[in-house]
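K.L.:
As a plain string of letters, each chain reads:
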Amino acid sequence: MIRLNWMLVLSSVLFAISVAGMFINRKNLILLLMCVELLLLSANMNFVAFSRVSGDIHGQLFVFFVLTVAAAESAIGLAILVVLFRERRSINVEDLSTLKG
Amino acid sequence: MSQPLNSNLLLAIALLPLGAAAIAGLFCRVIPRWLAHWVTILGVAASCGFSCFVAYQVFFEQAPVFNGTVYQWLVTDGVGMQVGFLVDQLTALMMVVVTFVSLCVHVYTIGYMADDDGYNRFFSYISLFTFSMLMLVMSNNFMQLFFGWEAVGVVSYLLIGFWYKRPSAIFANLKAFLVNRVGDFGFVLGIAGIVYYTAQFGGASLNYVDAFAAAPQIAAQTFGLQGTDGVNAMTFICICLFIGAMGKSAQVPLHVWLPDSMEGPTPISALIHAATMVTAGIFMVARMSPLFEFSPYALNFVLFIGATTALFMGFLGIINNDIKRVVAYSTLSQLGYMTVALGASAYNIAIFHLMTHAFFKALLFLAAGSVIIGMHHEQDMRKMGGLAKVMPITAITCWIGSLALIGTPFFAGFYSKDLIIDAVKEQHHLHPDNGIVTYAYWCVMIGVFVTAFYSFRLLFMTFHGKPRWKEAAAAPHEHAAHDVHDQTHPLPHGEHDTVGHEEEHDHHGGPPHEPGWVVKGPLVALAIPSVLIGAITAQWLLFGGGFGTSIFFNAENHEVMQELAHEFGNWLSFTAAAFAHPVVYLVAAGVFAAWALYCKWTHLPDRIAARLKPLVYVLENKYFFDAINEKALAPLARGFGKVFWKVGDQGIIDGIAVDGSAKTIGLFAGIVRRVQSGFLYSYAFWMVIGLAVMLGWFLTRTLN
Amino acid sequence: MLVEVLFWVFAAILSVAALAMITVRNPVHAALLLVLCFFTSAAIWLLMEAEFLAVVLILVYVGAVMVLFLFVVMMLDINIEEVRARVTRYAFFGAIVAGVVVFEIVSVVWSRSGAEAGRVAQSLPADHSNTAELGKLLYTEYVYPFELAAVLLLVAIVAAISLTMRKRAGLKQQNISKQVAVRREDRVRIVKMPAEGGASAAAPAEKGP
Chain D
0 MIRLNWMLVL SSVLFAISVA GMFINRKNLI LLLMCVELLL LSANMNFVAF SRVSGDIHGQ
60 LFVFFVLTVA AAESAIGLAI LVVLFRERRS INVEDLSTLK G
Chain Z
0 MSQPLNSNLL LAIALLPLGA AAIAGLFCRV IPRWLAHWVT ILGVAASCGF SCFVAYQVFF
60 EQAPVFNGTV YQWLVTDGVG MQVGFLVDQL TALMMVVVTF VSLCVHVYTI GYMADDDGYN
120 RFFSYISLFT FSMLMLVMSN NFMQLFFGWE AVGVVSYLLI GFWYKRPSAI FANLKAFLVN
180 RVGDFGFVLG IAGIVYYTAQ FGGASLNYVD AFAAAPQIAA QTFGLQGTDG VNAMTFICIC
240 LFIGAMGKSA QVPLHVWLPD SMEGPTPISA LIHAATMVTA GIFMVARMSP LFEFSPYALN
300 FVLFIGATTA LFMGFLGIIN NDIKRVVAYS TLSQLGYMTV ALGASAYNIA IFHLMTHAFF
360 KALLFLAAGS VIIGMHHEQD MRKMGGLAKV MPITAITCWI GSLALIGTPF FAGFYSKDLI
420 IDAVKEQHHL HPDNGIVTYA YWCVMIGVFV TAFYSFRLLF MTFHGKPRWK EAAAAPHEHA
480 AHDVHDQTHP LPHGEHDTVG HEEEHDHHGG PPHEPGWVVK GPLVALAIPS VLIGAITAQW
540 LLFGGGFGTS IFFNAENHEV MQELAHEFGN WLSFTAAAFA HPVVYLVAAG VFAAWALYCK
600 WTHLPDRIAA RLKPLVYVLE NKYFFDAINE KALAPLARGF GKVFWKVGDQ GIIDGIAVDG
660 SAKTIGLFAG IVRRVQSGFL YSYAFWMVIG LAVMLGWFLT RTLN
Chain X
0 MLVEVLFWVF AAILSVAALA MITVRNPVHA ALLLVLCFFT SAAIWLLMEA EFLAVVLILV
60 YVGAVMVLFL FVVMMLDINI EEVRARVTRY AFFGAIVAGV VVFEIVSVVW SRSGAEAGRV
120 AQSLPADHSN TAELGKLLYT EYVYPFELAA VLLLVAIVAA ISLTMRKRAG LKQQNISKQV
180 AVRREDRVRI VKMPAEGGAS AAAPAEKGP
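Residue numbers (numbering that gives the first Met the number 0), protein chains in the order written: chain D, 0 to 100; chain Z, 0 to 703; chain X, 0 to 208.
Treat the hints as calculated values from the structure; they're not laboratory data. Ideal Cβ positions, reconstructed from N, Cα and C, are used throughout, including at glycine. Please note: incorrect hints may appear among the correct ones.
[Stated by the list, open to error] Derived list of chain D stretches under chain X, where covered just means 3 residues or more per stretch with a C-beta under 8 Å from a C-beta of chain X:
{"hint": "1", "region": "7–20"}
{"hint": "2", "region": "29–43"}
{"hint": "3", "region": "59–71"}
{"hint": "4", "region": "75–84"}
[To be verified] Listed below are several chain D residues computed to face chain Z (Cβ distance under 7 Å; list not exhaustive):
{"hint": "5", "residue": "Ile56"}
{"hint": "6", "residue": "Arg87"}
{"hint": "7", "residue": "Ser96"}
Isolated chain D (complex conformation) (with noise of 0.2 Å):
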C-alpha cells in the first residue's frame, strides 16, 4: 500500500518545483499561471493524502472546492492575461513593474 510518507514527499517536490518555476521563469506570464496550477495541485495531493490514510472523507471534499476556486481563479487570471496583452503587446514578466518604488 501507498504510504502516507511517499506522499508527502511527492507534494513537496511538486511544491518546489511550482515555487522554482515562478522563479527562474521571468519571460512568460503564462508559466507563472501554470505553475499556480501546479501548486495547488500539491497541495490537492496533500489532501487527498491524509484523507484516505486516516478515512476522512473531509479531505476529499475541501479538494473539491479548491478545484472550484482554482477554476475561477485560472479563467479570471487568463482574462487579465488577454488584457494585459492588447495594451502591451508582450507577456514578459518584467515589464510589469509599475509597482517599484
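Given chain D's structure and the hints, the job is docking chains Z and X onto it.
P.N.:
Structure of chains Z and X alone, referenced to chain D:
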C-alpha cells in the same frame, strides 16, 4: 524697646524703585519728562526715607535681625530658591548709603541730562539700578545675591552704553560686562561649592545662615582631584567668591573695565562706579566674613590683590588728563584700600571706608560733572584752569571732597583711611613673618602720598592757576581733540575717545558758568556727610558694637579689632594721636608736591616726564593690561568660539548628528528601496525563502 | 505490490513532467506537459482509491482549465524568441531554494517514519462508492458552501467577461437617460422670416431664437 522690622516695609523699600523704573521705562516715549523724573525721584526718596527709618530701628532701637523669606520661588533637589531679606546692621547701613546717593544722583540728573533725548530712559535705568542694588544688599541667600549681582551688571551695561550710537561707548559697555562675567564665573563656582558642602552638613542650601553654620566643618575639608592633596575647601570657596568680587569691585587684573566705563554719563559714574555697584564686592566679602575668617590663605590673597590695586592704580591717576578718568583711578585705588581692610580682617573698617568713600567719591564725580557741564562738555584738564572764580560752589565742594579723600584730619576719609593703615600695621605686629602683610603695609603707605598728589593735581589743574580755557576759546577750536598731539604728554595709546567730548555738542562759546541748583544741591548734600560722618560714627559703629552680629570674627583675628579699639579712644584723641604717625605727613607731602608741580613751577612736570620716559610709557599703557586683553586674550577666546562654532556646532552637530542622521536614513532608504522591484514573482519568491528559513529554524529546534 | 510499483512509476513521470514544464521554451509544450502532470496525478489518486476526484481532475482541470490555457497560448501572438532567451540565469538560485524547501519537508516527514507517517490507507470494500460518500457529505453538511461555490463561479464568469469584452466600434446605442434629459433649446430653433410677397427688394431678416 525692640520692635521687629516690618517685612512689608522692607518689600516696599526694594520694590518702589522698581515700580518707578517700570513706569518711566515702559512708557518712556509717551510720558513727559517731568513725570519720569518725579515718579522715580519719589520712588527713591520714599526708599531712602524708609531705609533711614529701618536703620534707626536697627541701630538705635536694637531691633532684632530680620531674616525671613518673602516669596518661595521653587525647591529643586532639596535646595530652595526664594526671595528673602536679611536685614541687620550691615544691611541697614548699605541700604541708607545706596538710597541716599541714588537720590542725590536722581536730582542731579535733572540738570545734567536736561538736553538729552534719552532723559526718561536714563531715569528708568538708574531707578532700576537702585532696585537691583537693594536686592543685592538685602538678600539672605546666594541666589538672590547673584540675581542682584547680575542685575547691577546688566544695568551698568545699559548705562555705560547709554549713548549707544557711539562706538567707544559700546566697546566700553561690552568690556565692562565681559570682564564682570569673568569674575562671575569664579563667583558661581564659589556658590556651587557652598551648595556642595552644605549638602554634606545638614542639607544643601543657598541660605546664608546654613552656609555660616556649616563653615567650621567646611574649613576642615579639603577639595581636590582624586589622588592629590587638594586645597582647603574653605580657601577654595573663598577665593572663588573673591574672584567675583574682583570682577565687580574692579581689583587687579579685572579692573580694566572701570576707566572705560567713564564713557557713560557722569551721574552714573557717581552712582555706580563710585558709590554702589563697585562696592558690591566689598559688601559681599564683609557679609561672608563668617566664611573668610576660617581661611587665612584666602585673606592673604585678598590682602595682596587689594594692596596691589591700591598702589598701582594710584600711579595711573598721576599721568591722566581726563578729569573723569582721574577720579576713576582714584576709585580703583580706594577700592583697593577697602580690600586691604578686608584682607586684614578689619571688615567693619572696610565697610566704614565704603560708606565714607561713597559720599566723597560721589561728590567728586558730581563735581567733575558740574565742571564738565560748565565747560560745555570739555573733559581735558589741560584746557581748564582758574575755574574757582566762575564756579565757586563746585570748587568748594570739590575741595571738601578731595580733602576727605586724601585723609585730612577731621574729615570723614581721615578716620576710615587711617584706621585701615592701622589695621594693616596691627596685622604686621601680630604676624611679622607674613610677607604679604608687609607688602600691603608699604603699598598703603605709599598710596597715601600718591592719593594726595593726584587729588590735588586735579584740583590745581582744574580750579586754580592760569585760565587756559580762555586761550583755547580764542583759538579756532577742534572738536576732534585726539588729533591734537602734545609732544610732552602724548596721548595714551589705549584710550579711545578720552579727551573728546561727552556728547557731540556744539560749542556754546562764552565763558564757563556754574550750573543751576539742581546740580549744586546734591553737591552740597553730599559734602556735608563727607565732612562729618567720619567723626560722628567712627566710635560707636566700629568699636562700640555698632555692627553687632552682622560681622563675624574668628578668635585669632579678633585681636586686630581689639587692639585698635584700645588705641582708638574717641575721635578726638585719635585725631590728636595721628599727628604722631607718618601718615599725616605723607599727606602733607603729597599736597605740597602737587602745589609745587602744578601751581608754582608748572614747567616741571614736562621735564620730569621727559627724563622718565620708559616709566611714563608703561603708565600710559596702563601696565599693558588692555594690550594683553585686546591682543592676546580676546582673540584667543574668539578663536575658541570660532572652533567650537565651525567644527563643533556646524561640523559635528549639524553636519554629522543632525544632517548626517537624515542623510543616513536617506541612503539607507535608497538601498532598501530596491527591494521593491515591482515584480510580484520576486515578492512571492522572497515569501518562499522566508518560509524556508522559518521552517528551518523550527526544524532545528524540534529535531535537536 | 503492484500498486506501489505503479505509484513509483507515476510519481516519476509526474516529477519529470513538472520539471520539464518549467524548463521548456515553447509555451504550448509547457501547457501540454502540465496536462501530462494532471493525468498522472489523476492516476495516482485512482491508486489511492479517490476515484471521484481523479475523474473530476481530468474533467475540470484538464478538460476546461488546460483547454483554456491552450486557447490563450495559441491566441496570443507571442514572440517565441523573446520567451526563449535567458531562462537559466536564475535557475541556480531557484534550484537552491527549491532544494532547501524539499529538504526541510522531507526531513520532517522522514523523522516520523515510524508510526505516524508510515501509515497506509485502510483497504476499502470493493463496492464502496467514493462518489456516494462525497455526495452524502456534500448535500447535507456542506450544502451552503456548495451554493457559495456556485455563486463564486458565477462571479468568475461575470468578471472574466467584463474584463475582456470589447465594444465594437461604430455601434450605435441608445442612451435612455440622455434622451429623457434633453431640453427644448437643444432641439428647436425659431427662425423668423418675413412672408415673401412680390419682388420686393427687402431682404429677409433672420432672427435667431
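K.L.:
Under a C-beta cut-off of less than 8 Å, do 3 or more residues of the region 29–43 of chain D approach chain X closely enough to confirm the stated coverage?
P.N.:
holds (count 9)
K.L.:
Under a C-beta cut-off of less than 8 Å, do 3 or more residues of the region 7–20 of chain D approach chain X closely enough to confirm the stated coverage?
P.N.:
holds (count 13)
K.L.:
Does the region 59–71 of chain D contain three or more residues whose Cβ lies closer than 8 Å to a Cβ of chain X?
P.N.:
That given contact holds, which follows from 11 residues of the region 59–71 of chain D lying within Cβ reach (below 8 Å) of chain X.
K.L.:
Taking a Cβ-Cβ distance under 8 Å as contact, does the region 75–84 of chain D have three or more residues in contact with chain X?
P.N.:
holds (count 8)
K.L.:
Let's test the interface hint: is any C-beta of chain Z closer than 7 Å to that of Arg87 of chain D?
P.N.:
Violated, because the Cβ-Cβ distance from Arg87 of chain D to chain Z comes to roughly 14 Å (cut-off 7 Å).
K.L.:
Just to be careful: measuring from the Cβ of Ile56 of chain D to every Cβ in chain Z, is the smallest value less than 7 Å?
P.N.:
Cβ of Ile56 of chain D sits 29 Å from chain Z, so the hint is violated.
K.L.:
Return the status of the interface hint for Ser96 of chain D: holds when the least beta-carbon distance to chain Z is below 7 Å, violated otherwise.
P.N.:
Holds: closest Cβ of chain Z sits about 4 Å from Ser96 of chain D, inside 7 Å.
In terms of the numbered hints stated before, the structure departs from hints 5, 6, listed from lowest to highest.
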